[in-house]
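All chains should be built: construct the whole structure from the sequences, respecting the hints.
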Amino acid sequence: MEEVLKQILIELKEMKSDIHEIRVDIGDLKQGQARLEIGQEKLQKNLIESLGAYTEKIADHVDDKTEVLNKRVYKVESDIERLSRQ
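Going by this note's numbering, the residue at position 23 of the sequence shown is 16; the numbering climbs one at a time, nothing skipped.
The set of hints was computed from the structure by calculation and includes no laboratory data.
Virtual Cβ for every residue (Gly too), placed ideally from N, Cα, C.
Treat the hints with care, as some may be off.
Pair by pair, the computed Cβ-Cβ distance ranges are [stated by the list, open to error]: (1) Ser77 / His54: 52 to 58 Å; (2) Ile15 / Gln37: 30 to 36 Å; (3) Leu36 / Leu2: 48 to 54 Å; (4) Glu60 / Gln26: 49 to 55 Å; (5) Arg78 / Asp56: 31 to 37 Å; (6) Ser43 / Asp11: 44 to 50 Å; (7) Ala46 / Ile19: 36 to 42 Å; (8) Ile51 / Ile19: 44 to 50 Å; (9) Asp11 / Gln37: 37 to 43 Å; (10) Thr59 / Lys23: 28 to 34 Å; (11) Gln24 / Leu62: 43 to 49 Å.
So this is what it looks like as structure tokens:
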């Protein structure tokens, strides 16, 4: 009987040690998750900023091209109007 109790105590001590290790691992995992979330937030912020800057560049380029095209269309329309009056 005494031997069984000793074995139970040994098992309980091992379980206690295992539980402590699991708690430490869980703490490490939570810290890692927090770091990942911070990194993800920074990445999202950088991505949004980059997309904003890229969108502005595209908009400026498209605006310039549209202005040039509008001038060409206006010139052609003016020429057509002038020719139709002759």
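Comparing the hints with the structure gives:
no., hint, result
1, Ser77 / His54: 52 to 58 Å, "violated, 35 Å"
2, Ile15 / Gln37: 30 to 36 Å, "holds, 32 Å"
3, Leu36 / Leu2: 48 to 54 Å, "holds, 51 Å"
4, Glu60 / Gln26: 49 to 55 Å, "holds, 50 Å"
5, Arg78 / Asp56: 31 to 37 Å, "holds, 33 Å"
6, Ser43 / Asp11: 44 to 50 Å, "holds, 47 Å"
7, Ala46 / Ile19: 36 to 42 Å, "holds, 41 Å"
8, Ile51 / Ile19: 44 to 50 Å, "holds, 47 Å"
9, Asp11 / Gln37: 37 to 43 Å, "holds, 38 Å"
10, Thr59 / Lys23: 28 to 34 Å, "violated, 53 Å"
11, Gln24 / Leu62: 43 to 49 Å, "violated, 56 Å"
Hints 1, 10, 11 from the list above are not met by this structure, while the remaining hints are.
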